[in-house]
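Residue numbers (our numbering), protein chains in the order written: chain D, 1129 to 1372; chain F, 654 to 1136.
Think of the hints as simulated: they come from the structure by calculation, not from any bench.
Treat the hints loosely; a few may be bogus.
Over 12 Å on every C-beta distance to chain D, these chain F residues come out as not near it, computed from the model [as the list claims (entries may be wrong)]:
id, residue
1, Asp798
2, His858
3, Gly920
4, Asn1017
Derived pair list, reagent style DSS-like, types lysine-lysine, alpha-carbon separation capped at 25 Å [unchecked claim]:
id, chain 1, residue 1, chain 2, residue 2
5, F, Lys999, F, Lys1058
6, D, Lys1224, D, Lys1241
7, D, Lys1184, D, Lys1224
8, D, Lys1360, F, Lys1058
9, F, Lys1098, D, Lys1328
10, D, Lys1248, D, Lys1184
Ideal Cβ placement from N, Cα and C applies to all residues, glycine included.
Single-letter residue listing:
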Amino acid sequence: MNKKYVMALLLAGVVFSSELRIQARSVTEEFKNKVIARRDSVVGIEAYFTPSTSSKKTPDAEGFIQRWLLLEPINKPNRSNTVFTDSYLREAFATKYFPNQFTVIPKDGDMVKAGEQQLKWHALDSKNFNVKLFRFAHGLEKQIYGVLFWAVTVVDSPREMQNVRMAVGSNSASMWWLNGKETLLLSGDRRMVMDDGVSKRITLNKGRNIIRGAVINGPGMSDFCVRFLDEKGEPIKDLRITNK
Amino acid sequence: MIKGINITRVLPLLAYCLTGTAVAQVGKPFIHDPSTIMECDGRYYTFGTGSGGLISEDGWTWNSGGVRPGGGAAPDVLKIGARYLIAYGATGGGLGGGHNGRILTMWNKTLDPKSPDFKYTEAVVVASSDGTEDCDAIDPGLLLDPTDGRLWLSYGTYFGFIRLVELDPKTGKRVEGNEAINIAIDCEATTLMYRDGWYYLLGTHGTCCDGPNSTYNIVVGRSRKVTGPYLDNVGRDMLKGGGKMVIAAGGRVNGPGHFGRMILGDGIEKMSCHFEADLDQSGRSVLGIRPLIWKNGWPVAGEQFKEGTYEIESERRGYALELAVDFTRMPGGMRGFNRDNNEPIKPVPSQQLADVIKLWPTGNIDVRIGDYMFRPHQKWTITAVQDAGGYLGAPYYKIVIEGTKRALAATAEGEIVTVSEFSGAAEQLWRIDQLTDGTFRIMPKVVPGSQKQLALVSSGDSTPTLAEFDMKSDNSKWNFRAH
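Let's have the full structure, built from the sequences with the hints guiding it.
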């Protein structure tokens, strides 16, 4: 085998094992920053999520929260996202689709009945900074368009943190609650951009904090990302994320 | 005269209100997803979605006539050596259908359909998407890297990632073994450019194809390497949705998309795009051309020149272009000290044209540059001249003293003068281009009896002339101050 072929094999192995991120130690400078495109046609969600374990999970290097309980999508047909005005969204997100929807902290595998649908909660860790709800639904062979997703997670803080902000990006519109209180509404048709919508100053309690989100989409690639920023706009990383 | 109202005061104001608008391209500039504008044998070409494209003799009046086989959408064009490389997407992307896309390239020696050399080569596929992967192969954009001659193509849309592939500049085909890499999300209509050690990735955010409700806007990120990462002005990766605004809706047009760059000369760049809706043209999708400005290493669209009355200020010294006439003093001098501040305050009227015009010569009057005092001999009303043609992005303008017909003109000696009445002669027509640093170049359409392309230049603090434009010198630059 010539050197070039060995390098190519090495590189292929590295790419496969690290998904979209290249661990740069054994590869040349040129490849260090490349994010090689993958074929994502396979069914299943393994390319994007791993099942949550009980091991400690912190936000990633940029503060993004990757551990969530995700509910399979509720059917909410919309042929276009132009309907996502503030009024429409407030009504859509206030509607009760299933029991205890605003208070439940579900367990992996819990089922709910939403209208005619039987939907399951999944405890998952996203492999990316963002939570690709489209791929979650697609991989589980559920509805991908005309959907409303619910997401819950628990953030354990070592101390009370004041004057922090929740920073969210979502595709498309979404609403977010911290400890039962509405914190953020991202309205209109939009795509998932990091730090797109940011809450007013809020306080993280010492100990448990519940984040709940609802993401709605017509024909788009549903997605969201969440992190907390401190007073200076820096990401908060000394949190523990659990979905229990 | 209307009782109680001095009409000579009202008329200029009325004129300003009626003309305070920018004018758009003329002809039939209707296109969607235009390619970079190309010059070929003295004409300008751009191709769009569907078949065909637009042609212009001067860059201002555009009509259909371009010919591009293959259909599909959102082509781009790049001149490499003596040939033109055309890239296009076989599909328009789409949620209704699938996300199976193909990007193709082909060559032509000319873009002029009437030329005997006009013949496209067979199109070859250079990138594709299989329908479920995190990419939909549409909307190609081309870059020939001036530092090393390598050829790159970006493509993709909101479905998944924007990807980058490398092509062979000799064949237009995909380089053997090249792997597509992800460089952005949340975009479509991307393209790449290079300037001063930075690579720029441009793309659209917002909604396409929704007429006057399209929120399409063009954003940019930059990288030291063509392979990324492309970061925006707050350090956000375009792979996380970052992007700095280049152009958004404004005036009576919304939904800019499909950026193309033209470098016309040192310091003179234009950008092209479409606007999803031009409310002055039935809300149709139209070709847009704007100046391209560079601010701290970031590209920003300049604005279309707005007709109005201005001070024409020299960048050299900050004095104003004015008629060489006597300075007429206004009544009043300095108020003495230790006066009573409780005396009532009353506005003092500005000097009016009527106060001074009788003292001016009636024939030609020379022009100089002097202290700006917002006096009538220093205020210039600039309006587009109908049916006089134009250049990339703008029509020719007349520059007249406010409230009069006295017009700025170039002379055969390569100087400037004002004639008592605008006649529409070529030397009275002016081309205004915003430069990459935000100042302006002002050029007569013609210097009588000369083929030379000269621009308005400060030869001294107080003396204007016509001379060769030099981007490196503030002598060649002007500002229009509306105050």
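Does the claim that F:Gly920 lies off the interface hold, with its Cβ farther than 12 Å from every Cβ of chain D? holds (32 Å)
Between D:Lys1248 and D:Lys1184, does the CA-CA distance stay at or below 25 Å? Measuring from Cα to Cα gives roughly 24 Å; hence the hint holds.
12 Å cut-off, C-beta based - F:Asp798 kept clear of every residue in chain D: holds (15 Å)
Hey, D:Lys1184 versus D:Lys1224, does the alpha-carbon distance stay inside 25 Å? Given that 25 Å is the threshold and the Cα spacing comes to 33 Å, the pair is violated.
Are D:Lys1224 and D:Lys1241 close enough, with their CA atoms no more than 25 Å apart? With Cα atoms ~11 Å apart, D:Lys1224 and D:Lys1241 stay inside 25 Å; holds.
Any Cβ of chain D at or closer than 12 Å to F:His858, or is the non-interface label fine? About 7 Å separates F:His858 from the closest Cβ of chain D, which leaves it inside 12 Å; violated.
For a C-alpha distance cap of 25 Å, please report whether F:Lys1098 and D:Lys1328 respect it. Measuring from Cα to Cα gives roughly 56 Å; hence the hint is violated.
Just to be careful, I want the Cα atoms of F:Lys999 and F:Lys1058 compared with a cutoff of 25 Å; is the pair within it? violated (33 Å)
Beyond 12 Å from every chain D Cβ: check whether that's true for F:Asn1017. Fine: 58 Å to the nearest Cβ keeps F:Asn1017 off the interface.
Keeping to a limit of 25 Å between CA atoms, is the pair of D:Lys1360 and F:Lys1058 held or broken? Cα-Cα ~59 Å, so violated.
Checked against the numbered hints above, the structure violates hints 2, 5, 7, 8, 9; every other hint is satisfied.
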